[in-house]
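*Asks:* From first to last, the protein sequence lines are chains A and B. Reminder that position 35 of the first sequence reads as 35 in this note's numbering, one-by-one numbering, no gaps. Reminder that position 11 of the second sequence reads as 148 in this note's numbering, one-by-one numbering, no gaps.
By construction, these hints were calculated from the structure, which means they are not laboratory data. Please read these numbers as outputs of a predicted model, since none were measured by experiment. Watch out, some of these pointers could steer you wrong.
Said to hold, decoys possible - Anything over 12 Å on all C-beta distances counts as not near chain B; from chain A, calculated: (1) ASP13; (2) GLY51; (3) ARG95.
Claimed, not checked - Distance windows between CB atoms, simulated: (4) B/ASN269 x A/GLU116: 35 to 45 Å; (5) B/LEU416 x A/GLY51: 18 to 28 Å; (6) B/GLU545 x A/GLN119: 51 to 61 Å; (7) A/PRO106 x B/ASP374: 39 to 49 Å; (8) B/ARG305 x A/GLY44: 46 to 56 Å; (9) A/GLY56 x B/ASP409: 22 to 32 Å; (10) B/ASP397 x A/GLN119: 18 to 28 Å; (11) A/PRO97 x B/LEU295: 55 to 65 Å; (12) B/SER453 x A/PRO97: 45 to 55 Å; (13) B/SER430 x A/GLY28: 16 to 26 Å.
Cβ coordinates follow ideal geometry from the N, Cα and C atoms, glycine included.
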Amino acid sequence: MRFMLFMIPNIEDKDWMPDPEAVAAMTGYNEELTKAGVLLSLDGLHPSSKGARITGGGGKVTVTDGPFTEAKEIIGGYWLIDVASKDEAIEWARRCPAIQGPASIPDYNGPVPVIEIRQVLEMSDFPEEVRRAAGRD
Amino acid sequence: MEDARGAENAVRSIEAVWRVESARVIAALGRIGGDLGAAEDLAHDALVAALEQWPTTGIPSSPFSWLVTVGRRRFIDGIRRSAVADSRQALLLRQAEVTEARTVEEFESSAMEPGDDLLRLMFACCHPVLSNEARVTLTLKLLGGLSTAQIAHATFELESTVAQRIVRAKRSLAAAEIGFELPATAELRARVDSVLGVLYLIFNEGYVATSGSAWTEPTLCREALRLGRVLAELLTDIEEVHGLVALMELQSSRLRARIDPSGDAVLLADQDRSHWDRLLIRRGLAALERASSVGRGLGPYGLQAAIAACHATALSVEATDWVRVAALYDALGEVAPSPVVELNRAVAVSMAYGPEAGLAVLDAVAGHPALSNYYLALSVRGDLLERLGRFADAEIEFRNAAEMTKNEREQLLLRRRANGAAKRLPRERS
Numbered sequence: 001m002r003f004m005l006f007m008i009p010n011i012e013d014k015d016w017m018p019d020p021e022a023v024a025a026m027t028g029y030n031e032e033l034t035k036a037g038v039l040l041s042l043d044g045l046h047p048s049s050k051g052a053r054i055t056g057g058g059g060k061v062t063v064t065d066g067p068f069t070e071a072k073e074i075i076g077g078y079w080l081i082d083v084a085s086k087d088e089a090i091e092w093a094r095r096c097p098a099i100q101g102p103a104s105i106p107d108y109n110g111p112v113p114v115i116e117i118r119q120v121l122e123m124s125d126f127p128e129e130v131r132r133a134a135g136r137d
Numbered sequence: 138m139e140d141a142r143g144a145e146n147a148v149r150s151i152e153a154v155w156r157v158e159s160a161r162v163i164a165a166l167g168r169i170g171g172d173l174g175a176a177e178d179l180a181h182d183a184l185v186a187a188l189e190q191w192p193t194t195g196i197p198s199s200p201f202s203w204l205v206t207v208g209r210r211r212f213i214d215g216i217r218r219s220a221v222a223d224s225r226q227a228l229l230l231r232q233a234e235v236t237e238a239r240t241v242e243e244f245e246s247s248a249m250e251p252g253d254d255l256l257r258l259m260f261a262c263c264h265p266v267l268s269n270e271a272r273v274t275l276t277l278k279l280l281g282g283l284s285t286a287q288i289a290h291a292t293f294e295l296e297s298t299v300a301q302r303i304v305r306a307k308r309s310l311a312a313a314e315i316g317f318e319l320p321a322t323a324e325l326r327a328r329v330d331s332v333l334g335v336l337y338l339i340f341n342e343g344y345v346a347t348s349g350s351a352w353t354e355p356t357l358c359r360e361a362l363r364l365g366r367v368l369a370e371l372l373t374d375i376e377e378v379h380g381l382v383a384l385m386e387l388q389s390s391r392l393r394a395r396i397d398p399s400g401d402a403v404l405l406a407d408q409d410r411s412h413w414d415r416l417l418i419r420r421g422l423a424a425l426e427r428a429s430s431v432g433r434g435l436g437p438y439g440l441q442a443a444i445a446a447c448h449a450t451a452l453s454v455e456a457t458d459w460v461r462v463a464a465l466y467d468a469l470g471e472v473a474p475s476p477v478v479e480l481n482r483a484v485a486v487s488m489a490y491g492p493e494a495g496l497a498v499l500d501a502v503a504g505h506p507a508l509s510n511y512y513l514a515l516s517v518r519g520d521l522l523e524r525l526g527r528f529a530d531a532e533i534e535f536r537n538a539a540e541m542t543k544n545e546r547e548q549l550l551l552r553r554r555a556n557g558a559a560k561r562l563p564r565e566r567s
């Protein structure tokens, strides 16, 4: 089963770009996922200042440019992994070095990133009528 | 790890750690355990210790080092308990202590690099002294980290059958004194081929098994593909490793399109290509690129992957580069000649150069015993004859083909095609 691991960095846009030390740690982690044969794809995202939100309603569409201020909700990147269980996906998320905050600061007590894991819906997870609507039955 | 979800989850978390780490732990313990059975026993002792301790202490920051350390201590304790006066045992103990000192250092300096150990374990599980079934089972158990029950479920076997096979396989390896060595250079390619063969067997078993039920989770396919990816990171300069990974990625991309709702297989030509998995196709093409970039040309797996890639990148049957597919089958027939390859080549040649050219390829191998009773060979011949306007001959081929298959759906399809050919006969002959 596939899981999306969303990285929520929990930082302001201005601090968005990670330092070399953090990048090295994450590269090691990505390699670990690759060597275990579970990583399907990954990407990092630009800060919300380069993004926009598009809202509908009342027949109108509203576009709001970033940045967005709720740091706890802003996704910084994702990994897509293929594993045998939700517990295995949790285990991989647990190993992500970034969730402990910056390693260079001893006893760091500030905001730390959050990883949210979500299972990818497969066609087989849908009831029959949905599959039929999708042209799969 | 503090798990806010309670004790039951703690056990599940430990099982997940085990799934991630078990192969590497067994492989690392193989350095001191000597043979595969002993290494697995030590690893199992370490797992039992983890299940006892981790629910209260939490999962250690490096579960791998923890498990290996515990396993190694069990080994040393075991020798100490036995008669140390025995000089052979004493020697073993000294070796183990030396190895421990060295390995602790190595693990701590490069805790994430036990790649060679993993390779040794792969070679041992796929050793030529074992039967194919034994290789498959050991690979799923020791490299895949699947339990005996999970293997039995995935291979539609009895759990006791699987368990017995594992015991016998470990005994065979011990009897043949097969430890955890990397093969000599001269032997390496043959041993790698054995590992690749086992992975592809596992993959195909999963590929076939999925036809039983339309929405079965293809555990075996996923596990074979995952182990292939692991191997591709360990043996980067062997083209066939990447070739097999490419082939499995590309075939997996079609998994969800190849079964219809009633569980029957859908032929490539009839599959809805919008249901193919673009991500896996992209990964397959990248693996194929890695195979080519090794610079030794493509082997049988690579060529099959290249053929699969032609289909994966074509928008429709008609838009497929059949000239290239035919040329690739040509090359495949050179390196891995088989009547089934010729049958496929005949189809590709007919698509590229017309039915007459295809028929010539097919007729050249028609007498082969592997094909003369193979309904698909007759069905292909019927198709080529029909396209040539030889409807009476086509009808006979389709009817004979229908007689040969036990699959009722195939029979129905072939009879329909026979009737279709018959209808196109000139009136005076019908």
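*Asks:* If a hint holds in the structure, say so; if it does not, say that too.
*Replies:* Against the structure, the hints:
1. ASP13: holds (29 Å)
2. GLY51: Check passes; 23 Å lies beyond 12 Å.
3. ARG95: violated (9 Å)
4. B/ASN269 x A/GLU116: 35 to 45 Å: holds (43 Å)
5. B/LEU416 x A/GLY51: 18 to 28 Å: holds (23 Å)
6. B/GLU545 x A/GLN119: 51 to 61 Å: At 37 Å between Cβs, range violated.
7. A/PRO106 x B/ASP374: 39 to 49 Å: holds (42 Å)
8. B/ARG305 x A/GLY44: 46 to 56 Å: Holds: the Cβ-Cβ distance is about 49 Å, inside 46 to 56 Å.
9. A/GLY56 x B/ASP409: 22 to 32 Å: Cβ of A/GLY56 to Cβ of B/ASP409: about 31 Å, so the range 22 to 32 Å holds.
10. B/ASP397 x A/GLN119: 18 to 28 Å: holds (25 Å)
11. A/PRO97 x B/LEU295: 55 to 65 Å: violated (44 Å)
12. B/SER453 x A/PRO97: 45 to 55 Å: holds (46 Å)
13. B/SER430 x A/GLY28: 16 to 26 Å: holds (25 Å)
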